[in-house]
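When you get a sec, could you build the whole thing from the sequences and use the hints?
Residue 1 is where the sequence shown starts when you use the UniProt record's numbering, and the numbers rise one by one after that.
Incorrect hints may have been included.
Here are the simulated SDA-like pairs of lysine to any residue, each with C-alpha atoms no more than 20 Å apart in a straight line [stated by the list, open to error]:
hint: 1; residue 1: K363; residue 2: E242
hint: 2; residue 1: K505; residue 2: S461
hint: 3; residue 1: K260; residue 2: L298
hint: 4; residue 1: K568; residue 2: C515
It should be emphasised that the hints constitute simulated quantities derived from the structure, not laboratory data.
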Amino acid sequence: MLFYEEEEARDSLGAMQASSKSESSKEKRERERKRLKKPKVKTGCKTCKIRRVKCDETRPECLRCQRFGKNYCDGYDYDSSAPSSRNQSRSRDLSSSSDNRAILARRSSSQLLEPMPQRSQSFSTEDEYRCFRLYCEEAAPRLSCFDRSVWQQLFLQPGPDQEFIRHALIAIGGLSRSMRKMGLENTDEEGSSTSNFSRLHGFALEHYDKFLAGTKRQMAVATREQGRQLAMISCLLVVCIENMQMHYQNALIHAQQSFKLVEELNGDDNEFGSSNQEGVSSNAIEDELVQQFNRMELQILTVHDIRTREEHQELKNEGVFSIRNMPETFRDNDEARWYLDLIMRRAFHFMAYAQADRLVQLKFRESPDEPSAFDNLEGLSQTLDASGGLEVEQEIYASESRRWSSAFEPLFHSSLEDINDVDAFRVLLMKVHSLTTTIRLSIHLSPTELITDSLTPQMESLIGMSRTILNHPYAEVIFGEGSFTFDMGLIYPLVTPAFSCRNRKLRRDALDLLCTRFWREAQWMSLISADMARFIMETEESGVETEYIPDWARVRLGGVEIVAEEHKGTMHCVRGVGESAVHIESVRDWSDLVD
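Here it is, written out as structure tokens:
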């Protein structure tokens, strides 16, 4: 085989190890003797394969996964005899049709078809087949922390004229394995040599080229409606693949351009809204794509959004009628997730509108010789102008977040009754995202970094929940060593206290969590984020002999310019306020963290 041998499943579950220690030696030998008689299992459910543990292959959900709660098992690949139990309706009647974008993203994923059986797929080589399997078993489950209908259903059922989409999936599968060598220690696993990784990487890029060529051919003959849907699919796949390769500038350019497609859907009166009073699309595929675009937009808003202040002014009002009619209690995780996504987008667009130059931004450059985008940081050391009703508007968005937390509370507590259940993992992650939004909103208009002291309890809760998430059995699926996810996960939330919490212990706790393993979330990398936070912390503590960090020593990050291919970056900061403020620039070399 060109790339790697099929890995044998192995049992590494901590709970099983703990229980084995309590057995007598005789019982242990007897159990192991019996186990040796059983044939080795090289198949199993997708969750067990990802975690590399033995699966008992009970259908429709294996017994091993069922111990961790309902819906923990992701089922079996392309098994028509085991229909998925994940297609749950998320539709709730909305009382207003004024916001097509919010409504489009609220549609049910249950209308999507199940993936085609794998036997109906044709592959030219065994390597294509293996990379496709890597996509199905390793990459796709990690790409989204919540709704997987796009990555694990929609992209696996292309029409007869869209077979070229499979080339993108093969590319993602190959890259998911080849890129995971970053952050991993030296390994003796068969097929894990540098040469095999290099060949696998090249093989993946060949199929990426085939996907791009196929997209171009199909777009030339597609109708307007077909072309729009194909463009949305292609944009998501291109942004994903460019991010996986750390071509972040290319990914951002494509992502920004793709938002125009969503705007077109919002304003298309002929196809969206003509059949009912709410303006809801009858095309479930495009609805699901819009929802994934909305999550991608959140990642862009945390990095570098090039849209104008006027555009943010309009977008911060998205879904206003939906927010007005938000229920007092959410009925399920899907409904809570949808409202949280909407609230977060509104809040981040408000922050971009209010003080776009104050947002911490990652800007990517092709060469370190390019002119700096952060030559003028005067605004960071001056008092902010929060006039014009900005503080009132800030409170409006903060109150939306509080309303969401109140509506989420019953669901949150009921889901935590079994902390090892996959639902507990997801509700904890939602709570972390909500806390992050609250903290960011509170900090954004403040003229001083002292505001963060009043937010210490929220930061402590955020760090504690993040620790629980990273210790959860399901964390290995999403945040495993060297893994890549397309959605916001834990890096940006943990960066918030790591950058801004002046409680020395809590700040170091956040840093430790970022350093537990190397993983990536779109443009964010855990170890690089930790390095930036550590520089800010050490700069603030330099020359300060007390536990308390005074205002003159506190650092505000203006931006970071990154040359991704060289794994280097330049941090631009301001220490202090007013005329005594000092501008600080630090060149960072991250090659040891990612190679």
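Quick rundown of the hints versus the structure:
About 15 Å separates the Cα atoms of K363 and E242, which keeps this hinted pair within 20 Å; it holds. Taking the CA atoms of K505 and S461, the gap is near 14 Å; set against the 20 Å cutoff, the hint holds. Only pairs whose Cα atoms come within 20 Å are accepted, and K260 paired with L298 is accepted, the gap being roughly 16 Å. Proposed proximity of K568 and C515 is supported: the alpha carbons are some 18 Å apart, at most 20 Å.
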